[in-house]
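Trainee: Here is what each chain is made of, one letter per residue.
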Amino acid sequence: MKEILSGNEAIARGAYEAGVKVACAYPGTPSTEILENTIRYREIDSSWATNEKVALEVGIGASFVGARSLVTMKHVGVNVAADPLFTLSYTGVNGGLVLVCADDPELHSSQNEQDSRNYAKFAKVPMLEPGDSQECLEFTKLAYEISEKYDTPVLLRTTTRISHSKSVVNLGERTDQVREAKIEKNAAKFVMLPGNARVRHVVVEDRTVQLSKDGCNMPINRVEMRDAKVGVITAGISYQHVREALPEASVLKLGMVHPLPFDLIREFAAKVEKLYVVEELDPFIEEQVKAIGIPVIGKEIISICGELTPGRVRKAFGLPENAQAAVEKLPGRPPNMCPGCPHRGVFYTLNQLKAYVSGDIGCYTLGFMPPLSAMDTCVCMGASIGMATGAAKVLSPEERKKVVAVIGDSTFLHTGINGLMDMVYNKGAATVIILDNRITAMTGRQENPGSGHTLMNDPTNAVDFELLCKAIGVKNVRTINPLDLDECRTVISEEMERPETSVIITDKPCVLIKREGIFKAGAPLQVVDESCTGCRACLKIGCPAIEWVPASGKKGKAHIDPLLCNGCDVCSQLCKFSAIQEAK
Amino acid sequence: MSDKVTNIVLVGVGGQGILLAAEILSETFMLAGFDVKKSEIHGMSQRGGSVVSHVRYGKEVFSPMVPEGEGDILFGFELMESYRYLSLLKPGGTVVVNDLCIAPPSVLVGQETYPADMALKIQEFCPDCLLVDGQNLAIEAGNARAANTVLLGAVSKRLDIEEKYWIEAIEKMVPKKALEVNLKAFQMGRGLK
Ligand SMILES: Cc1ncc(C[n+]2csc(CCOP(=O)(O)OP(=O)(O)O)c2C)c(N)n1
Ligand code: SF4
Ligand code: SF4
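In the order they appear, the protein sequences are chains A and B. Each number in the numbering used here corresponds to the 1-based position in the first sequence with 20 added. Each number in the numbering used here corresponds to the 1-based position in the second sequence with 30 added.
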């Protein structure tokens with residue numbers, strides 16, 4: 021059967037067909053939809069883990085007792101999961117284990133542009149890289165075979181343009197030889213103490229050599245001879261752009277990007293006049309080709325930064341660029357928090373209090389943008405709290421009061437909790453605000469251990485943030501309604517004054533949560549024209565439902581779009597003239 | 031089947047339903063027997079950012095992204111965003127655009143103004159431009175939310191694909207209770223000159 025699938029949907033399908041029993045992940049763009057699709061197959065136990073390290077450990081546990089498991093994450097997630105990954109390379113697997121790692125060249129939705137192919141080499145684990153959705157399905161299945169045949173975890177690397185592009189896929193059936201799980205003890209293989217690990221290290225090195233040799237005969241590494249003047253080594257999405265921009269060029273398309281099939285590369289190089297590597301991000305293939313003594317052109321013509329497009333490949337090869345319209349400068353259209361978002365009032369307050377905001381990653385990172393302009397740092401998930409501790413250590417007692425860490429519920433449970441324990445333990449004096457909107461909103465509203473539901477939609481325990489913080493040893497824990505600006509201001513300023521750790525928890529849900537009984541929109545508000553003086557106070561929260569309607573001169577009035585307004589009431593608290601009222 | 035690949039670029043504002051329209055297009059082309067690729071960035075699509083989706087079909091499609099200056103049709107859901115992405119269109123290409131302005135954040139707060147005469151400027155660059163009053167036609171069809179389907183109808187008229195494939199795709203992708211209105215909206219769009 022044929023279907024149009026995204027790369028992520030095809031990976032989920034591939035896992036199903038391969039007989040996978042356990043799929044575990046922490047959400048992250050562009051990888052999230054893989055697990056949102058494995059739940060379509062009831063044969064797979066799919067779950068969100070608290071973070072990527074835990075996700076991988078769940079996968080490893082299932083593999084060691086014999087089942088096939090799938091673990092997925094975005095590129096920076098591999099940083100979090102790197103510890104188990106590197107030693108998993110030594111133990112190898114029992115049931116096949118595939119770790120999907122989705123890179124984001126061009127940083128469409130990420131904080132950096134790291135090239136995870138380096139992890140394959142660093143951790144000495146084979147890596148496959150599909151070039152469209154059909155390959156996503158096939159390579160996933162192949163990855164399980166390689167995993168079990170070579171006794172190794174396998175990395176499957178996608179990029180945003182693979183994960184989120186759709187193309188036509190031929191579906192297969194689920195294998196009827198699904199591996200059953202049972203306890204099989206094998207300490208020499210699975211207990212990585214020095215004595216055992218030394219032995220395994222040798223196995224790992226031999227495995228890589230063997231895979232490089234065998235890779236020369238794998239059909240996924242294929243030579244397409246056309247004109248011999250130009251030969252291009254490429255993989256993944258870059259292959260598609262090369263075929264588009266250089267239809268006559270001969271191509272060595274690599275399906276396995278680590279370890280490289282060096283003999284095949286030598287053979288291809290000998291057949292073409294001029295050899296190129298076209299790859300996004302790091303010169304990963306290029307440097308290794310050069311290291312075996314083959315001259316090749318790569319990053320001289322192709323940028324290390326950003327993603328490739330057919331146009332960028334054309335340009336690199338000196339082909340004429342297609343006509344372009346000269347477009348006048350336009351206002352940008354960055355994303356904004358939703359109308360009625362519970363984060364808005366908190367950032368308005370932090371702005372008013374001139375706090376130094378140690379930020380984190382989530383929808384609330386948009387609090388950095390004007391007019392809220394109330395986030396001063398953002399490094400990686402969970403960093404806000406540790407960084408607040410560090411800043412508070414060195415600032416003067418007066419400036420120390422300004423330090424506030426803000427962190428979402430999902431991010432707090434991901435890696436923020438360790439930071440909070442450290443802050444209490446080391447007597448840090450900063451304020452921590454946990455923005456509990458009951459969901460992992462940024463990546464499209466996934467459940468988390470605080471939301472009370474699992475990925476499979478089962479009701480489950482919901483972490484009690486107040487109790488948790490108290491158990492860690494935080495003495496001052498207060499819960500506030502973030503839509504009440506007076507309450508926000510009073511509580512946040514009081515806690516900022518306090519010379520010890522305090523935690524404030526906000527308790528209003530994301531407006532996009534669909535589950536019944538969680539979010540209820542209020543009646544939409546309207547601006548009473550006669551009362552509006554045009555003071556612009558309500559514009560300071562940047563709600564997309566409020567528009568400034570200019571009149572002649574500097575005058576104008578505010579207008580609320582009743583179709584967008586969620587009736588959160590925050591804007592009306594800013595209006596000194598009672599001009600914002602419930603719509604009639 | 032000729033080797034030519036047809037390129038469609040959909041642009042607009044997050045939350046406008048661009049991704050669903052792109053799905054319907056892709057499904058139609060697959061049903062009509064073509065190779066299809068579609069690419070978009072949807073990380074921020076829900077929070078009002080600018081959204082672009084590329085849909086390409088033909089005998090064999092390689093890159094999922096429409097090369098600059100090779101778009102056959104620019105399918106615009108909002109005027110300023112359509113103007114922004116005109117460079118993707120080939121010389122002599124077609125624009126089908128919703129007659130709608132959505133103010134970006136800087137305009138909402140009165141820092142910048144929405145650029146004037148967007149529709150005129152698009153027409154200047156691209157004479158083959160159809161301006162569609164999506165909202166009002168959709169209301170006429172029975173639901174303001176069907177504006178995208180009116181536009182889709184107008185786009186369909188500019189592509190050489192049999193009507194039955196469009197209908198089949200819409201029937202597959204649109205929820206049952208909204209189907210009747212959407213089929214009507216689609217026909218209204220198809221009727222536009
Ligand atoms: C290591 C890592 N994993 C995943 C992500 C992707 N990501 C960014 S923010 C976020 C979660 C945000 O949820 P929450 O903290 O609850 O804030 P909200 O968006 O709900 O406001 C995720 C999963 C990331 N940036 N880094
Ligand atoms: S999705 Fe939810 S948390 Fe994110 S901006 Fe919208 S309301 Fe706020
Ligand atoms: S009540 Fe005011 S701030 Fe809240 S959503 Fe409506 S317009 Fe925006």
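To be clear, the hints were calculated from the coordinates, so they are not data collected in a lab. Treat the numbers as computed from the prediction; the structure is a model and nothing was measured. Please note that the accuracy of each hint is not assured.
Taking lysine-lysine pairs in the PhoX-like style, the calculated list, with each CA pair at most 20 Å apart, reads [stated by the list, open to error]:
| no. | chain 1 | residue 1 | chain 2 | residue 2 |
| --- | --- | --- | --- | --- |
| 1 | A | Lys575 | A | Lys604 |
| 2 | A | Lys335 | B | Lys120 |
| 3 | A | Lys22 | B | Lys89 |
| 4 | B | Lys89 | B | Lys34 |
| 5 | B | Lys194 | A | Lys205 |
| 6 | A | Lys22 | B | Lys120 |
| 7 | A | Lys540 | A | Lys560 |
Anything over 10 Å on all C-beta distances counts as not near chain B; from chain A, calculated [as the list claims (entries may be wrong)]:
| no. | residue |
| --- | --- |
| 8 | Asp65 |
| 9 | His128 |
| 10 | Asp135 |
| 11 | Val188 |
| 12 | Asp247 |
| 13 | Glu320 |
| 14 | Gly331 |
| 15 | Glu341 |
| 16 | Asn342 |
| 17 | Asn356 |
| 18 | Asn371 |
| 19 | Glu418 |
| 20 | Gly573 |
| 21 | Gln601 |
Built from N, CA and C at the ideal position, the CB exists for glycine as well.
Trainee: Does each hint fit the structure? Answer for all of them.
Mentor: Evaluated hints:
no. : hint                  : result
1   : A:Lys575 <-> A:Lys604 : violated, 26 Å
2   : A:Lys335 <-> B:Lys120 : holds, 17 Å
3   : A:Lys22 <-> B:Lys89   : holds, 16 Å
4   : B:Lys89 <-> B:Lys34   : holds, 7 Å
5   : B:Lys194 <-> A:Lys205 : violated, 60 Å
6   : A:Lys22 <-> B:Lys120  : violated, 31 Å
7   : A:Lys540 <-> A:Lys560 : violated, 24 Å
8   : Asp65                 : holds, 27 Å
9   : His128                : violated, 5 Å
10  : Asp135                : holds, 19 Å
11  : Val188                : violated, 6 Å
12  : Asp247                : holds, 17 Å
13  : Glu320                : holds, 22 Å
14  : Gly331                : violated, 4 Å
15  : Glu341                : violated, 7 Å
16  : Asn342                : violated, 3 Å
17  : Asn356                : violated, 5 Å
18  : Asn371                : holds, 14 Å
19  : Glu418                : holds, 32 Å
20  : Gly573                : holds, 13 Å
21  : Gln601                : holds, 20 Å
In terms of the numbered hints stated before, the structure departs from hints 1, 5, 6, 7, 9, 11, 14, 15, 16, 17, listed from lowest to highest.
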